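Number of protein chains: 2
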Amino acid sequence: MSEQSILKPYVIGLDLGGTNSVFGIVDSRGEIKATTAIKTQGFDTADDYVAASVDALQIIIDQVGGIEKIKAMGIGAPNANFYKGTIEHAANISWGKGIIPLAKMFADKLGISVAMTNDANAAAIGEMTYGVARGMKNFIMITLGTGVGSGIVVNGQLVYGHDGFAGELGHVIMRRENGRTCGCGRTGCLEAYCSATGVARTAREMLATTDKPSLLRDLNPEEITSLDVSIAAGKGDELANDIYRFTGEMLGEACADFAAFSSPEAFIFFGGLVKAGELIMDPIRKTYEEKVMPIFRGKAKFLVSGLDGASAAVLGASAIGWDISF
Amino acid sequence: MSEQSILKPYVIGLDLGGTNSVFGIVDSRGEIKATTAIKTQGFDTADDYVAASVDALQIIIDQVGGIEKIKAMGIGAPNANFYKGTIEHAANISWGKGIIPLAKMFADKLGISVAMTNDANAAAIGEMTYGVARGMKNFIMITLGTGVGSGIVVNGQLVYGHDGFAGELGHVIMRRENGRTCGCGRTGCLEAYCSATGVARTAREMLATTDKPSLLRDLNPEEITSLDVSIAAGKGDELANDIYRFTGEMLGEACADFAAFSSPEAFIFFGGLVKAGELIMDPIRKTYEEKVMPIFRGKAKFLVSGLDGASAAVLGASAIGWDISF
Numbered sequence: 004m005s006e007q008s009i010l011k012p013y014v015i016g017l018d019l020g021g022t023n024s025v026f027g028i029v030d031s032r033g034e035i036k037a038t039t040a041i042k043t044q045g046f047d048t049a050d051d052y053v054a055a056s057v058d059a060l061q062i063i064i065d066q067v068g069g070i071e072k073i074k075a076m077g078i079g080a081p082n083a084n085f086y087k088g089t090i091e092h093a094a095n096i097s098w099g100k101g102i103i104p105l106a107k108m109f110a111d112k113l114g115i116s117v118a119m120t121n122d123a124n125a126a127a128i129g130e131m132t133y134g135v136a137r138g139m140k141n142f143i144m145i146t147l148g149t150g151v152g153s154g155i156v157v158n159g160q161l162v163y164g165h166d167g168f169a170g171e172l173g174h175v176i177m178r179r180e181n182g183r184t185c186g187c188g189r190t191g192c193l194e195a196y197c198s199a200t201g202v203a204r205t206a207r208e209m210l211a212t213t214d215k216p217s218l219l220r221d222l223n224p225e226e227i228t229s230l231d232v233s234i235a236a237g238k239g240d241e242l243a244n245d246i247y248r249f250t251g252e253m254l255g256e257a258c259a260d261f262a263a264f265s266s267p268e269a270f271i272f273f274g275g276l277v278k279a280g281e282l283i284m285d286p287i288r289k290t291y292e293e294k295v296m297p298i299f300r301g302k303a304k305f306l307v308s309g310l311d312g313a314s315a316a317v318l319g320a321s322a323i324g325w326d327i328s329f
Numbered sequence: 004m005s006e007q008s009i010l011k012p013y014v015i016g017l018d019l020g021g022t023n024s025v026f027g028i029v030d031s032r033g034e035i036k037a038t039t040a041i042k043t044q045g046f047d048t049a050d051d052y053v054a055a056s057v058d059a060l061q062i063i064i065d066q067v068g069g070i071e072k073i074k075a076m077g078i079g080a081p082n083a084n085f086y087k088g089t090i091e092h093a094a095n096i097s098w099g100k101g102i103i104p105l106a107k108m109f110a111d112k113l114g115i116s117v118a119m120t121n122d123a124n125a126a127a128i129g130e131m132t133y134g135v136a137r138g139m140k141n142f143i144m145i146t147l148g149t150g151v152g153s154g155i156v157v158n159g160q161l162v163y164g165h166d167g168f169a170g171e172l173g174h175v176i177m178r179r180e181n182g183r184t185c186g187c188g189r190t191g192c193l194e195a196y197c198s199a200t201g202v203a204r205t206a207r208e209m210l211a212t213t214d215k216p217s218l219l220r221d222l223n224p225e226e227i228t229s230l231d232v233s234i235a236a237g238k239g240d241e242l243a244n245d246i247y248r249f250t251g252e253m254l255g256e257a258c259a260d261f262a263a264f265s266s267p268e269a270f271i272f273f274g275g276l277v278k279a280g281e282l283i284m285d286p287i288r289k290t291y292e293e294k295v296m297p298i299f300r301g302k303a304k305f306l307v308s309g310l311d312g313a314s315a316a317v318l319g320a321s322a323i324g325w326d327i328s329f
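As given, the protein sequences belong to chains G and A, one line each in that order.
Its first residue numbered 4, the first sequence is counted upward by one per residue in our numbering.
Its first residue numbered 4, the second sequence is counted upward by one per residue in our numbering.
Check each hint, because a few of them may be wrong.
Which copy is meant is left open, so a pair is good if it fits within one copy or across any two.
What the hints assert, rightly or not - Keeping only pairs whose Cα atoms sit at most 20 Å apart, straight-line, the calculated EDC-like set for lysine to aspartate or glutamate is: (1) K302 <-> E91; (2) K302 <-> D166; (3) K289 <-> E180; (4) K107 <-> D50; (5) K294 <-> D166; (6) K278 <-> D245; (7) K112 <-> D51; (8) K100 <-> D50; (9) K87 <-> E268; (10) K294 <-> E91; (11) K238 <-> D285; (12) K72 <-> D111; (13) K112 <-> D50.
In case anyone wonders, no lab produced these hints; they're calculated from the structure.
The structure presented is a predicted model; accordingly, all values stated were derived computationally and were not measured.
All chains, full assembly: derive it from the sequences and hints.
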């Protein structure tokens, strides 16, 4: 261990999600020493968001001995640019319009170096360091949350692309005719179907277009969430299972196209939807094997993240902090 | 220059295409010293193909001073596995069914080391070494020939994937309903629309479904080729231009999805169809900019290969030969 890491034994990781922002202070062995969280939405400006974040962070920073114990901060955020430290045109965040130099804003407030990447890239780094992707050189992480994100690892390296924005697999087009409107301003994106809001929308569509009895019919259709679908599925509700099958089949079709791109050893799924277990993983695998190009059949693993909920993304974000050299 | 490269100053490059197999003997500066070719199709077995290849090769090997002047051989071939030196399930080749250890077969006949990759990967290596991709770390090469191939470069490295088969972008699904049958056994693949045979098929469909006058109506529909479309377009035929517009628009849509994957600095197009120039490049660019996710708009270059026809692939294949260490 270097003198530096003895003097500054911690990094801050921030998992900036569409709903919650989770902060963790992490040591060099990947142990989370303290954690806190704020709501991501509801702020008018990025300045307000950063101020609220720093207020919440200050409490846990004090718990570990003050800012002088912290080497750096890593952020995993939607639409984050790794090269520039900016969030750009984040459709799902109230204060995320335009180009926001979030890494610099945190760095100025905290007085430490801050680096940032896509939230899904951060989850992929976490999975590669501590989870089911240990030792893998080629895999694709797919995060199913408020949006659908991805972190692509090729030859053991994250794919950032020439501009830092690569790995937006939630925005490949799955329906070229009459596709659903997506938060990115286009139609037919994978995210419009397989995100939490996409699942809720599938529920409303299926309730409207079928007569199948369902526990979901007791709810106000406009207020149905993916959590309601999950609860109904847990009670054996057939329509809820149909919703998961539809979602899983589309994910399987999408993964079949992704295989043609980077032929990964594994697809790793992470996020709330994954809690449905085989109700979603089984149609993903089956549809993938049915739809994928023959040379890729039977080769890829379909795995669920081995890390606990939010901590994968926080650990991944923190890992970026250790790598900062500026 | 090492003693080795003085004693053995040449490598053999083989561009194994769906129609022709082009051989070149190349020096360390990328100069092609001798070249020959045979037809790829018509052989019953891979043994027959290799025997005919070696017969043709022997003449140019003798021209440069014999096999002892040759360090190694590199092959660019469809469905080639870089890691194993095999061709696997090559749909477009008469003798390409099953798994064929082509690198070893050539190595045994010639007594030199042989390595192999995807023909499109070989073209990408050629472009990176000698062409318009010099200095680029992230680009996608798309080859429009008998099939549609691709070579993907990320962080300056070719993407082979965990099994050596990555970069099959001709086989992403562009039409999920009522898609055309593809040589890979599935339906709706990009290749079924944007390959030379796909373009001929588009011509037949447009002749059947429109009343538009066209020079192509003078031909037997079943015998129309992409070359006929090119000749008609050259004479200002409006239907031929519609065919190119349809083809270019689909390529532009496909590239918009590819951007979400690896966000390349450039898409580089290579092959017979590219000779149509702006008739195809203009709809590619326009459709890409219209369909791509907002954060990628206006960033990617759309380039035509800077290397002369077959030599890009031959040079790329030969470059693999220089790298062989076994």
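Could you figure out if K302 and E91 sit no more than 20 Å apart (CA to CA) within one copy, between two copies, both or neither?
between (36 Å within a copy, 14 Å between copies)
Check K87 against E268 for me: Cα-Cα at most 20 Å, and say if that holds within a copy, between copies, both or neither.
between (30 Å within a copy, 16 Å between copies)
Copy assignment of K100 with D50, given that the CA separation must stay at most 20 Å:
For K100 and D50, only the intra-copy Cα distance (13 Å) is at most 20 Å; the inter-copy one is 61 Å.
Could you place K112 and D50 in one of the four classes (within, between, both, neither) given a Cα distance threshold of 20 Å?
Within one copy only: 10 Å inside, 70 Å across.
How would you classify K294 and E91 at a CA-CA limit of 20 Å: within, between, both, or neither?
between (34 Å within a copy, 18 Å between copies)
Is it within, between, both or neither when you check K107 against D50 at 20 Å Cα-Cα?
So K107 and D50 pass the 20 Å test inside one copy only (11 Å; across, 63 Å).
How do K278 and D245 come out at 20 Å by Cα distance, when the copy is not named: within, between, both, or neither?
within (16 Å within a copy, 49 Å between copies)
Classify it for me, K294 with D166: is the Cα-Cα distance of at most 20 Å met within a copy, between copies, both or neither?
between (31 Å within a copy, 18 Å between copies)
Evaluate K72 and D111 at a C-alpha cut-off of 20 Å and name the case that applies: within, between, both or neither.
within (17 Å within a copy, 63 Å between copies)
Within a copy, between copies, both or neither: where do K238 and D285 come within 20 Å Cα-Cα?
within (18 Å within a copy, 54 Å between copies)
Check K302 against D166 for me: Cα-Cα at most 20 Å, and say if that holds within a copy, between copies, both or neither.
between (31 Å within a copy, 8 Å between copies)
Within, between, both or neither: how does the pair K289, E180 come out at a Cα-Cα threshold of 20 Å?
Between copies, since 19 Å is at most 20 Å while 25 Å is not.
Checked against the numbered hints given earlier, this structure breaks none of them.
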